[in-house]
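Residue-level listing of the chains:
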Amino acid sequence: MSAEVLVFDILAVLAIISALGVILLRNPVHSAVSLVVTFVNLAGIFVMLRAEFLGVVQVIVYTGAILVLVLFVIMLVDPDELPEFHRGQPLQQAAGFIIGLMLLGELAAAILTRTVVGQPGPWTEDFVQQQGGNVQVLGQFLYSGYVLPIQAIAVILLVGTIGALVLARPDQPTVRPRTRSTGTISLAHPRGAEGEFHPPLPIGAGAAGRAARVERRGEMRGGIIVVTDAESYSDIPAWELEFAEPDVDQKTYAEDGFGIGREGDRS
Amino acid sequence: MTDQPFWITFIVGFIVLNLLLVGMAYMTWLERKVLARMQGRFGPNRTGPWGLLQPIADGIKLIGKEDLVPKFADKRIFLIAPLITFVCAPLGGLVIPFGDTVTIFGQEINLFVTDMNVAVLYMLAVGSVGVYGIILGGYASANRYSLLGALRSAAQVVSYEIVLGLSLVGVFILSSSMSLVTIVNEQRRPLEFSLAGLDFSIPNWYIFSQPVAFAIFLIAAVAETNRAPFDLPEAETELISGFHTEYSGFRFSFYFLGEYISMIVISLLAASLFLGGIDGPIADGFWWLLLKMSIFLVFYIWLRATLPRFRYDQLMGIAWKVLLPLTLVNVLLTGLIRLRGNDQISMSAFLITFAAIIVVVAAAYLASSRKQEAHVG
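Protein chains in written order, with this note's numbering: chain G, 1 to 267; chain X, 268 to 644.
Mixed in with the good hints there might be a few duds.
Chain X is nowhere near these chain G residues, computed Cβ spacing over 10 Å in every case [what the hints assert, rightly or not]:
(1) Leu14
(2) Leu69
(3) Leu76
(4) Gln130
(5) Gly163
Covered stretches of chain G, going by a simulated chain X footprint (3 or more residues, C-beta under 8 Å) [what the hints assert, rightly or not]:
(6) 16–30
(7) 33–41
(8) 48–62
(9) 104–113
Pairwise CB distance ranges (calculated) [claimed, not checked]:
(10) X:Val336 / G:Ala3: 30 to 40 Å
(11) G:Ala154 / X:Leu618: 50 to 60 Å
(12) X:Leu346 / G:Ile16: 20 to 30 Å
(13) G:Ile156 / X:Ile612: 24 to 34 Å
Hints are computed from structural coordinates only; laboratory data are not their basis. Note that this is a predicted model, so its numbers are computed, not measured. C-beta: ideal position from N, C-alpha, C; glycine also.
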């Protein structure tokens, strides 16, 4: 028995210390970790009270899902943009102090005035074991006598989820851009099969045609199309494009058809 | 189950934990060997016969390395995070039944550490706490890539834990228990049925009665242990090892140990839940469990050698759009058949409900596929 008391003391003290850490630590991630420690210790206490199911579900639901999501959000937010919890706002601090005192007083009153002790229910340890265990009894109880409340809770949660989705959804359904939004240099399909079709431009004559194409597709340098923005992608593979002959007097473009030519390179 | 003194439980737990650690060391050896053979190489073969001393050499090397902490790291969390993963990984092994009881020096000893009535949920809970090591390690490294790995891990684990848990509900319904000892014992009696005038007797392994749940469990287990093809939190090519980029020396090896131990533990769980655990054609015993576990482990390695990594949206799409609906339908149908088997509903009610479920599922499937087509076209 004394060993059990010792284990309980350790769990309880750790739970209280880490619960203090939740509110006293300045870094929100440290607070979240403290909360994890609190929950795990509470789960240990539940297990000691023969409520294994409650303890395990506490760990799965609170530490495994909810706090992971909380951490997820904290990590996404820039720490400099988080509100200051520990500084300024004297009114807020005073209000928190008073409300905390009121809660403490209520709890103390509830504990101190507890004169009527209820009769112990039928769910003694032996009776639960006889019924097949904690989980079985809990399941029987919840899904026979309390079916309606459980369904109602489920519906409320569903409505909450849908409501959150509706709130988070932008008013205008954004059309997903079909094209890639970054510029690339490509000799193959720069746009892929999904993009809209650009009919090939007529083979222009001389500088005017080339200028039109360059304007349409980005810059053309000696056979390589340098696409500078998403609008100037094309479906047509580069090898099917018909390029106009580079202007003879345009020394900027290399004549071998490959390589981005610069004046200095060819000398 | 016999009551036994506390110190015997303690010794059994000690042995199980140490066996897991040794098993983990030789799991790395096995992985390197099998992977090498699949890629036409030899693998480690210099240290000892067949390279059997390689894990020890690796351990010595890792201890000898410098323990670096990045300058801007969140130091306390950075130091604690690998330990969380490492400590939580073997805890799941404590509820695996390795056999019935043996009698040593007149003392009956259970070959499992403890038999909780929520053993399977306990394993899920321990696994979900172990993920904090990855999330916090990635956060504390003060490295963008590590943070991305941590975020991916958080989302992935939350999604796949639901799938993992729901895939087991069918087994719970069939065995009407969540205790692994009871589940294994349920599977050890033969399942007799007659088909076309012939009497058959097959083992009552849940892989036969819950094949869908088994497949989903396998997929989700791979994701849960961050193994290829679901190793997005530590993708080398995208995130330069993700959450453990900044870890070196023995702190890195804690992550490494944790990953391999959780692989072993989840293989033991899969073998116990779906393949009958210690049940075998002749001479039941832990050797059957080890054999089944090895099959799962080689399967893991095989996956890693074969499949390319998933894209992130594909990973989430599989969990929420494919696996989750499948598990729900599986739970519904299993529950319905169980009700019929217990004679709690009449045959006509069973058929009507069955048909209704099939119609609703088919309609939902058709509607979603048509919507997708509209999106594409």
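Here's how the hints hold up against the structure:
1. No beta-carbon of chain X is positioned within 10 Å of the beta-carbon of Leu14 (chain G); the least distance is around 15 Å.
2. The claim that Leu69 (chain G) lies off the interface is violated: its Cβ sits roughly 7 Å from the closest Cβ of chain X, which falls inside the 10 Å cut-off.
3. Non-interface status of Leu76 (chain G) relative to chain X is broken: a Cβ of that chain comes within 10 Å, the nearest being about 7 Å off.
4. Every beta carbon of chain X lies more than 10 Å from that of Gln130 (chain G), the smallest distance being close to 13 Å; the non-interface claim holds.
5. In this structure Gly163 (chain G) is separated from chain X by more than 10 Å, as the shortest Cβ-Cβ distance comes to about 19 Å.
6. Here the stretch 16–30 of chain G counts 3 residues with a CB under 8 Å from a CB of chain X, which clears the bar of 3, and the coverage holds.
7. By the rule of at least three residues with a Cβ nearer than 8 Å to a Cβ of chain X, the coverage given for the stretch 33–41 of chain G holds, with 3 such residues.
8. Check on the stretch 48–62 of chain G: 6 of its residues sit with their Cβ under 8 Å from a Cβ of chain X, so the three-residue criterion for coverage holds.
9. Coverage of a stretch by a chain is defined here by at least three residues with a beta carbon nearer than 8 Å to that chain's beta carbons; for the stretch 104–113 of chain G and chain X the count is 0, and the condition is violated.
10. For the hinted restraint 30 to 40 Å between Val336 (chain X) and Ala3 (chain G), the CB-CB distance of approximately 38 Å keeps it satisfied.
11. Under the hint 50 to 60 Å, the C-beta atoms of Ala154 (chain G) and Leu618 (chain X), about 27 Å apart, miss the expected range.
12. A hinted range of 20 to 30 Å for the beta carbons of Leu346 (chain X) and Ile16 (chain G) is consistent with their spacing of about 24 Å.
13. Between Ile156 (chain G) and Ile612 (chain X) the beta carbon distance is about 29 Å. The supplied range of 24 to 34 Å therefore holds.
This entry does not satisfy hints 2, 3, 9, 11, going by the numbered hints stated previously.
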